[in-house]
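Number of protein chains: 2
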Amino acid sequence: MDSSQSNQDPAPVWYVGHHHSRRSSPFSDASLDAARRVDYDMLTIPITTPAFQAKVAGMIADYLDLQEQGASADELPVPIVPALTPADTELAPLECITQYIAVTSSWIDLASADPVIANVSRQVFSLEVAYAAFCGVQNIMIPGPAVEGRVLTSRLAQYARCILEALRSGPYMQFHILLPMTPSPIFAQTPGLNLSQFAKLPNHADAEDYVSSSDAWSTWETWNLIRTVCSYNTRLSVALGLPKQLPSPAIQSRWFSEPLRLLLIHETSFITNKHSQPVLHKGYRHLLTRYMRLKTAPWILLWDVGPVQKDPSADDPTSTSQTWPLPSDLAKPKSVRLDPNPHLSYMRYLQRNQPPLPALLRFGAGYQDYLQAPLQPLADNLESITYEVFEKDPVKYDWYERAVHAALTDWAKLRKPTSSLTRPGAVVIAVVGAGRGPLVTRALLAAEATGVPVEMWAVEKNPNAYVHLQRRNADTWSSSVTVIKSDMRSWRGPLSPDGKLGKVDILISELLGSFADNELSPECLDGVQHVLAPAGISIPASYTAHLTPLATPRIYADILGKGRDDATAFEVPYVVMLHAYDFLSVPAADDTDRFLQPDVQTAWKFEHPVPRDVIKQAALRRGGSAAGGGGGVSGGDGANEHNARFAALRFAARERGVCHGLGGYFETVLYGDVELSTNPVTMEGKSADMISWFPIFFPVKTPITFPDNSELLVSIWRHTDDRKVWYEWMIETFTKVGGRMVKINTSELHSSIKNGCLM
Amino acid sequence: MDSSQSNQDPAPVWYVGHHHSRRSSPFSDASLDAARRVDYDMLTIPITTPAFQAKVAGMIADYLDLQEQGASADELPVPIVPALTPADTELAPLECITQYIAVTSSWIDLASADPVIANVSRQVFSLEVAYAAFCGVQNIMIPGPAVEGRVLTSRLAQYARCILEALRSGPYMQFHILLPMTPSPIFAQTPGLNLSQFAKLPNHADAEDYVSSSDAWSTWETWNLIRTVCSYNTRLSVALGLPKQLPSPAIQSRWFSEPLRLLLIHETSFITNKHSQPVLHKGYRHLLTRYMRLKTAPWILLWDVGPVQKDPSADDPTSTSQTWPLPSDLAKPKSVRLDPNPHLSYMRYLQRNQPPLPALLRFGAGYQDYLQAPLQPLADNLESITYEVFEKDPVKYDWYERAVHAALTDWAKLRKPTSSLTRPGAVVIAVVGAGRGPLVTRALLAAEATGVPVEMWAVEKNPNAYVHLQRRNADTWSSSVTVIKSDMRSWRGPLSPDGKLGKVDILISELLGSFADNELSPECLDGVQHVLAPAGISIPASYTAHLTPLATPRIYADILGKGRDDATAFEVPYVVMLHAYDFLSVPAADDTDRFLQPDVQTAWKFEHPVPRDVIKQAALRRGGSAAGGGGGVSGGDGANEHNARFAALRFAARERGVCHGLGGYFETVLYGDVELSTNPVTMEGKSADMISWFPIFFPVKTPITFPDNSELLVSIWRHTDDRKVWYEWMIETFTKVGGRMVKINTSELHSSIKNGCLM
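Chains A and B supply the protein sequences, listed in that same order.
Position 92 of the first sequence, counting from 1, maps to 92 under the UniProt record's numbering, and the rest follow consecutively.
Position 518 of the second sequence, counting from 1, maps to 518 under the UniProt record's numbering, and the rest follow consecutively.
Please keep in mind that the hints were generated in silico from the structure rather than gathered at the bench.
For every residue, glycine included, the Cβ atom is placed at its ideal position computed from N, Cα and C.
Examples of chain A residues toward chain B, derived with CB under 7 Å:
{"id": "1", "residue": "Ala157"}
{"id": "2", "residue": "Leu225"}
{"id": "3", "residue": "Thr228"}
{"id": "4", "residue": "Val614"}
{"id": "5", "residue": "Thr702"}
{"id": "6", "residue": "Thr705"}
{"id": "7", "residue": "Pro707"}
{"id": "8", "residue": "Met730"}
{"id": "9", "residue": "Lys743"}
{"id": "10", "residue": "Asn745"}
{"id": "11", "residue": "Thr746"}
{"id": "12", "residue": "Leu749"}
Not close to chain A: a few residues of chain B, all C-beta gaps over 10 Å, as computed:
{"id": "13", "residue": "Ala30"}
{"id": "14", "residue": "Ser248"}
{"id": "15", "residue": "Leu287"}
{"id": "16", "residue": "Met292"}
{"id": "17", "residue": "Thr296"}
{"id": "18", "residue": "Pro342"}
{"id": "19", "residue": "Arg348"}
{"id": "20", "residue": "Ser479"}
{"id": "21", "residue": "Lys485"}
{"id": "22", "residue": "Ala533"}
{"id": "23", "residue": "Val669"}
So here's chain A without its partners, still in its complex pose:
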């Protein structure tokens, strides 16, 4: 790695290898060493040789001869591919094998509609996979099901089933399916022989049965089918072929969400700069920067680049051999040497010159797509380290301080009466759920800055945090704070030394979860509202929960894994730093080809304080005396029913996709115009660089496929009974046919009732 880079964090290492379409250097420790000397990290190697290819082609030709001589296809057994001989493969279980990516034959056609061609192709493929597994290959690359750029829709499942079989027969290998981002002429090239040329297509293979190669999304759709058949196997990933012309931002974003493990950059993608050196254009460089920030950065394969010599040892006259020339004069300074491997040098240059990571990616390193159960601070007592992580947020507490500052300023300006019994004229502030006291500090700072006298209370139920608060009061707050050990819902309010019960003017809390209300802020604040003076205010004043549908294949695979042991894996929302995902509802692109903001909609809102009549009614219902049948609608006495919510949200999806669930965010108005937001559309403007909250994710059990111009109708509930709060969600899809929206799918109703948040 180059140590000359400017930013502090070490630049991440890129793994760059070399791939040749036809043949590469011979398989040997020496070949690999030669490649590594010029700084390649890995090589690809075809599993079988041209000699093997010729043998199989000969078998098929013989078979077809017999047919032409009049033998009926029914009477002829399918040709059997015999076991490999040393002439058929260069591969061997050498130590260097871990640095090689084995490549299965591209001249077979697993998706053939001709049963004989399909059968022989399967035999070749099985042989190759089994032999690669025997040799200890760790990574195997498999050409996608494209035959001259076209493939029968009705045979994609047949191809996918072969991959599933391969996953079983090579249980320790990672399988990379080579697919172009978008159909591309490079991939349509079928150099030399191709078994599909022998195929006899059945009558039913009509034009409608072909995947249109002109459709930019067709290779993604193919991938979606393969991984669906293979049940999102985590050993299955994409070797993505980047085309010369990059496709739309929407397609780039979609592939970003998929398990990319290899990126292939073909020689034709490079352009020449004024120094006659191969470089990549700006869009390409941005794409690489984005893709290389994936949690597991893909490996890059330079494809058919560099000097190629005809291989004199090969029988096949088109066969070539790769050599790895070293700079001719190692003694000269690097800058004046002639670079014999300029494409690779350019990739290393890009690697060294990556822009620094954004704050959130630096802060969240390692947490990308890692699923966490939401906190239950009401039921559990948090540990100090958890508080400490939150307190590190560079934005959140500053904004709280601004909010308190604004509230005190307004209070003074409006000459509102205060509630203090002990210090007439002082505004009574209570921080409820004070934790280790960061909001107390900030409120005191705001009071000092505004010059408004305050009487400060801190209420905390966690006995461990309570110790810490008392110590801070003595050490830092000059004992100016009254610290109370209590669940805020049981606190009767400020008690003066002469035993009189007072009220609170400003109630400050930080009870919000990733989806605003999911850590029961509404229930807690309802429970403490009786201490608030009639003119009192709550910070936060209100909060809203927001949603948008997402494609998250990586997270889906992860939950599917959890689901093997846990029937409720899909019935619970997760807190997760969303990373490898794609927004599915994005407004129509303008002509600038920019990456556009998604449609993130508001599900519901909570405001504090709650109107007195509502609180009164809730109290009346407690115990079942008010409502008919004694009942809340979702069970219980209904005392908390004013905190139930429902939303029906309609999202337009312009491009086809597959929905794995809903991303959830929140916004909150602390006071006035001081707001916090994790909503990707507004967070930059409202609270950029805030790191305290990851989004929430509501999964769906069965991924929901939909075509272009669809609508996703999301129904989501916040349910409550006497003891807990839970969510339910479902998604229905519609698509426009003949000007009318028609129903195309309905998910199950998902419910977190078994993992509800306890009140």
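Position chain B against the provided structure of chain A, taking the given hints into account.
The following block gives chain B in isolation, referenced to the frame of chain A:
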């Protein structure tokens, strides 16, 4: 029941009740007795009274008044419906309650987009369901989510969620959702007050959000959503309102497949015959005949028929009371009496005059939709009773006899050489898998009829059946048969007394399963083929497996139940007498409005004898010496791979629907033009009234919804390794958008590998 009916089986009893839209007779044992005296079996009863309705309406009006006086909606608590008083309900836990169907209020709107109306509606609904459950109601009818014939698509989920809640709070009740077959003006009537008239619709309730009431399929779509949200709960069923004009055969068939438990026939559906009596037109009568043959016949509710008197006791001037007049002169003979309840009498007349049941329904009574694991006759030894059931088939053995007759006739005509070592000129027949010998008997009869001399062998592996065969040989076949105890695959062939091994000329077997090859007929016949003479023939000569996509909600619910204990419940095909199902791929209707034949496609074919080269290659592969990597494609040595199959079938679905799986059938050519078929399209022509086989059913785990003009692409495999045979299947759906087929869904890949058929 009338004993004068002509057919032998007693006509099934119809349960007929009475339903009144507004009010019925008072709830009491006496009312019920009166209704039963005129031959009604049950009555409906509203759970709450008009007084209750007025009370709730008053609450809402008060609430709206407060709003109009300037109170903000946010500040007003939602009105709470108080507990029921005796004035609010007539219902009580009397003994007669089991004969009553309780009806929830139709004046509420559970699907309202106005949160206050929705909330109050939910309160009323919860109260009613809870009180009905308390009273011991067994059947509860709930008006569907239609408000003046229109309902917000985006709020159907909200309605459905209320039903789910009700299923939980009334765990011993059966819930009937009242829906018209197709949107109908009768259901759009909202007599008197309706809460929805108070609703304030939010801005987003635009025109596109409404279910079009002109779409004939919209009520079925609504039902499909409700039961999906309720996870196909078996306590949830349809109370189907039959409209005056019956909809298309396609819609009639679809509802037939749904859990119909109540059929409502409105007074306006009756026409008057020349005797001025109310009758139903022919299409209606056919529909009733069809629906009343459901395994659990629905109950019929006559709706708003008969004399209705204004109820003098009710406050509501529109309220009415039903009385049940008895014939005025009971002494006169029935024929000349004036019938005061002519609609009911007509239903009883229809009941007595139902056409006799078809043979298959008589034979299969009780087996409708009952899921059975396919037989494994190769792995298990069948019991005598199983053989006996099969031997009762009125068609199958006759057809075998015809086939043997034709084969022997041809044999003699063609002067083919025979293989007999002991009786020169005799045709050697072997019945392999002879069971209790029915085919031996038939072959002997055919030989006698043709006059062709035969040498008869019977081979059977089941030691118990072997005893039986020997006894029959002595008793019935004059010891003319040589009975061999052997698995056919180990039988070396006919052995002459002098120790010479002969060959078989005609090999007869009955190894077919519901999907042709699913009981391993191909593998068994391969294994015995070595005994066949070069010119020998196999009866059957060939067989084919057939498929068509189906809607089977009842079966789906059943497998879902099994799935709670068995993870492979959806990964295995079932043998089942398909009953409450609907064909999803039916060609376009002509103008005759007939019920049309489905599109049933051929998946694959097996022919016997298998070409010698194919058998030879298989033998060569056994043990792994021939194929590369030693391997069959699906594992094992590949010796049985010539019996693997794959099919990709494309089915057009004209009308929208939901697919729960694939119906499987077979056809076989026994010999020449003698064929058997269970394919619903051809069975009438090829082997009408054959009862030996029920269809097979391949389920899908997640039902697949699709819109009109879709295509279902079915991929199905017959896989094999050295030890077993199994199937895999998946379904992809496409729909036509802008002239192009676009992908809309992909099922999982289902596999019976864990329950494969052992070889």
